[in-house]
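Asker: Assemble the complex: chain H is given as a structure, and chain D must be docked to it using the hints.
Protein chains in written order, with our numbering: chain H, 1 to 325; chain D, 1001 to 1402.
Mixed in with the good hints, there may be bad ones.
Which bits of chain H does chain D cover? Going by a derived footprint, with three or more residues having C-beta under 8 Å, they are [as the list claims (entries may be wrong)]:
| # | region |
| --- | --- |
| 1 | 50 to 64 |
| 2 | 95 to 103 |
Short, incomplete list of chain H residues facing chain D, as computed with Cβ under 7 Å [to be verified]:
| # | residue |
| --- | --- |
| 3 | 68 |
| 4 | 72 |
| 5 | 166 |
| 6 | 200 |
| 7 | 241 |
Partial selection, computed: residues in chain D whose CB lies under 7 Å from chain H [as the list claims (entries may be wrong)]:
| # | residue |
| --- | --- |
| 8 | 1173 |
| 9 | 1180 |
| 10 | 1211 |
| 11 | 1237 |
| 12 | 1362 |
| 13 | 1366 |
| 14 | 1370 |
| 15 | 1378 |
| 16 | 1389 |
Since the hints were made in silico from the structure, they are not lab data.
Beta carbons: idealized from backbone N, C-alpha and C, even for Gly.
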Amino acid sequence: MSTLTIAKGINNGLRRSMERDDKVILMGEDIGKLGGVFRVTDGLQKDFGEDRVIDTPLAESGIIGTAVGLALRGYRPVCEMQFDGFVYPAFDQIVSQVAKMRARSLGAVKLPIVIRIPVGGGIGAVEHHSESNEAYFAHTAGLRVVACANPEDAYWMIQQAIETDDPVVFYEPKRRYWDKGEVDEDGAPRLGLYDARVAREGEHVTLATYGPMVRVALEAAQAAAEEGKSIEVVDLRSLSPLDMDTLAASVEKTGRLVVTHEASTFLGMGAEVAAEITQRCFYHLEAPVLRVGGYNLPYPPSKLEEDFLPDLDRVLDGVDRALAY
Amino acid sequence: MSDIDVASSAGAEGTEHIDEAAVAALTAPVPETIGDGGPELVQLLTPEGERVDHPDYSAYVADLDADDLRGFYRDLVLVRRVDAEATALQRQGELGIWASLLGQEAAQVGSGRALRPQDYAFPTYREHGVAWCRGVNPLNLLGLFRGVNHGGWDPDEKNFHLYTIVIGAQTLHATGYAMGIQRDGAVGTGDADRDAAVVAYFGDGATSQGDVNEAFVYAAVNNAPVVFFCQNNQWAISEPNDRQTRIPLYQRARGFGFPGVRVDGNDVLAVYAVTKAAMDAARSGQGPMLIEAFTYRMGAHTTSDDPTKYRVSAEVEVWKHRDPIARLKAYLTAHAMADTEFFDAVDREADELAATVREGCLSMPDPEPLSMFDHIYVEKHPVVEAERAEFAAYHASFEGGH
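Isolated chain H (complex conformation) (with noise of 0.2 Å):
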């Protein structure tokens, strides 16, 4: 066991992969010598070279463009998109090339490429540093869209995503970056990466999230606790597909579901994960699934952000509202 945080789990896991397979290879703008904004490709160009770790001109719809190419020819590019709102200008090559190239080739095609975007707010940044778009890449068929949220997801998930044989958008925490917690890096992953996670065991009430928002979900549990009220949490880890299945069965128990994250509620993951267990649950729920997440805004200023994010009181505030009825 080792303690880590999520960038280093993420460091090792790429380095465990690049160890494992040489055609895996890594692409971004400062990854080579400054590690990537984040650091989280700290050092991995001094041990694999310019050739693997590859520092990008800034241009991200050419990393990922690119990257395509190298699949092709049978590389597994792992391409850093430095900041969440820097993904749009990839978000062509994204839709239309990397999601739609194994169907336009009546499955010839292979595209093992794995999308690293930062994401999220709660770091005082300046706009366009703090998106949650997850639900763009969830909606476009042909990827597959996961986000870890603790240092142990984060070590396997990186390596199970470079692992697949289907484009990955991967999302990572950034505002939890600096999260520590116990990895096991020499056994096995727990989960495979399309499972949810029971993360906290409850009776009353089933909060769902992921990525930044499961430590927040965690933290309301454990506050809701001391005053007798019993939350389950489970972390979604993939966003597509989606585990309905751990999370039905939690809503079987418990009969009552709230969805919270960051992004903008109107059209986000919580409104498909509400429809989805209203139809598969419909008969076990005692009360409407109900979502606390940011608001239809763009994200706002920094002096702002802490009342746009959903934090433990409005969490909170959404557990009581499901025990209401």
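Answerer: What follows is chain D alone, placed relative to chain H:
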């Protein structure tokens, strides 16, 4: 009925409705911007079919014998015939749309023939002639336009990638593939069977796209073995070159740090020579190059547009005089490298090929409905699988399960 028909049939009281602009367009002189390619245009065969020498490029065609030249001619005629047949099929409702290559045969055959088997081509959606040179069955090209698939071939079989419709997106794929060739150590080894390069096709309109400019940057800084082959056919749907650029396109390369050359795109020998030189250089490790094949799209952008609305007929007449097939035929005839018997035989072969394409197109089966759920992911995806099952059950619920 055109605007002019409307005006002339409107009678005396309708004369105020004459579309003077349309009349003027039809009778206007050729715009100066079209030009003849300028003094830097590489040409080895004039529009009259006369061989001219070029200090840099004549050497690249020196080893071509009469058989090779007849082969070029055959390719030009066959791809034009396939293209004409596909256009006819579209007009008869058998294809949803078709992007004709009429006028660009030499640019495609010349460059396509300059490739080696291990090279890789990334086309747009108009490279029917390049596909032909790579050995892709013309029938395969029709699936996309008929709507039965999005591309009916395995790109790795002939090293010819699928057609890409989003303008310029494939130039980045080509550059990335070239970066992969570098990492595989298949550049500059001196082994003619191993060293490889990539060619990326795009049009003049694509040079305005961000992706093409990003591809230039990535190729340059990586010294990637990729040749950018721009078929400047003068029109991006209805927009002429002067809506895309203020300088000749081949000169753009200099700003990115690699050479650019403008070749007569209707001269199959010159295109072959220039492409061969560029591919040789790329394979040997000298990095990227931009080729601007100065040519002309004789027809519409696709069967959906009407070029008489945006360009003058005098311009088309000028380019008819530069026809790539006529000039090679004149050269072969003048030098007794081919006779009527040969030309007739090629025409017969073209007709037979067209008949095969037609028959193949008409007998192309519609895809099985459930097949739309195939090949979305490598690993099974629960949503796709659930929807496949739901659709299958729904489909089977009809009488006869059609």
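Asker: Decide, hint by hint, whether the structure agrees.
Answerer: Hint-by-hint comparison with the structure:
1. Here the region 50 to 64 of chain H counts 7 residues with a CB under 8 Å from a CB of chain D, which clears the bar of 3, and the coverage holds.
2. Chain D is given as covering the region 95 to 103 of chain H, and this holds because 6 residues of the stretch bring a CB closer than 8 Å to a CB of that chain, at least three being needed.
3. At its closest, the beta carbon of residue 68 of chain H sits 5 Å from a beta carbon of chain D; the interface hint therefore holds under the 7 Å criterion.
4. Checking residue 72 of chain H against chain D by beta carbon gives a least distance of about 6 Å; that is within 7 Å, so the hint holds.
5. A cut of 7 Å between beta carbons decides the hint on residue 166 of chain H: the least distance to chain D is about 5 Å, and the hint holds.
6. For residue 200 of chain H, the interface hint is violated, the least distance from its beta-carbon to any beta-carbon of chain D being 25 Å, above 7 Å.
7. About 5 Å separates the beta-carbon of residue 241 of chain H from the nearest beta-carbon of chain D, less than 7 Å, and the hint is met.
8. The criterion of a C-beta within 7 Å of any C-beta in chain H is met by residue 1173 of chain D, whose closest approach is roughly 4 Å, and the hint holds.
9. Interface hint status for residue 1180 of chain D: upheld, as the beta-carbon distance to the closest one in chain H is roughly 3 Å, under 7 Å.
10. Of the supplied interface hints, the one on residue 1211 of chain D holds, with its beta-carbon coming within about 6 Å of a beta-carbon of chain H, less than 7 Å.
11. Interface restraint check for residue 1237 of chain D: the shortest CB-CB distance to chain H comes to about 19 Å, outside 7 Å, so the restraint is violated.
12. For residue 1362 of chain D, the interface hint is violated, since its Cβ never comes within 7 Å of a Cβ in chain H; the closest pair sits about 21 Å apart.
13. With a cut of 7 Å, the hint placing residue 1366 of chain D at the interface with chain H is violated, because the nearest CB-to-CB distance is about 15 Å.
14. A cut of 7 Å between beta carbons decides the hint on residue 1370 of chain D: the least distance to chain H is about 14 Å, and the hint is violated.
15. This hint holds: residue 1378 of chain D has a C-beta 4 Å from the nearest C-beta of chain H, less than the 7 Å allowed.
16. Taking 7 Å as the C-beta cut-off, the interface hint given for residue 1389 of chain D is violated, the closest approach to chain H being about 15 Å.
Checked against the numbered hints given earlier, the structure breaks hints 6, 11, 12, 13, 14, 16 and satisfies all the rest.
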